[in-house]
Amino acid sequence: MPKLMTRPLFDRGRASEAAEFYASVFPDGHVGKARASSVDLPAAKVGEELLVEFTVLGRACVGLNVGPEFNPDEAAGFMVVTETREETDRCWDGIVGNSGRESAGGWRNDRWGFSRQITPRAA
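Residue numbers for the sequence shown follow this note's numbering, beginning at 1 and rising by one.
Honestly, I wouldn't trust all of these hints.
Claimed, not checked - Derived CB-CB ranges, DEER-like:
{"id": "1", "residue 1": "Glu74", "residue 2": "Arg12", "range": "30 to 36 Å"}
{"id": "2", "residue 1": "Ser38", "residue 2": "Thr84", "range": "43 to 49 Å"}
{"id": "3", "residue 1": "Pro120", "residue 2": "Ser37", "range": "39 to 45 Å"}
{"id": "4", "residue 1": "Asp40", "residue 2": "Arg101", "range": "33 to 39 Å"}
To be clear, the hints were calculated from the coordinates, so they are not data collected in a lab.
Bear in mind that the values here come from a model prediction, so they are computed numbers and not experimental data.
Glycine residues also receive a C-beta, built at the ideal position from the N, C-alpha and C atoms.
All chains should be built: construct the whole structure from the sequences, respecting the hints.
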């Protein structure tokens, strides 16, 4: 396991949905193991999915189902550096086309509320 991982928090049961989406939109991504809760928690009962491992842009992530009380905001986000106009458009359209929304400065908020800045590499 890597020493540093990105750990986004999701409302109950949404981590796998988000992981599948991220892996489909961004390069070098895949969905790994999902783990069920072994005890009853506010976020998951015994046997319900608690977390899912996934990779986006080669970065290890763990999506954690915690409930609606934790919401992402603009203070934490992801900057995705793209190499071509086609890659920029594909990432941009993927986020906005899946119930995301546009905001200023190249920022896109995905349907789970996480911010992504799609930034072409300067030549």
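Query raised in the report: Can you give the numbers of the hints that this structure goes against, from lowest to highest?
Result: 1
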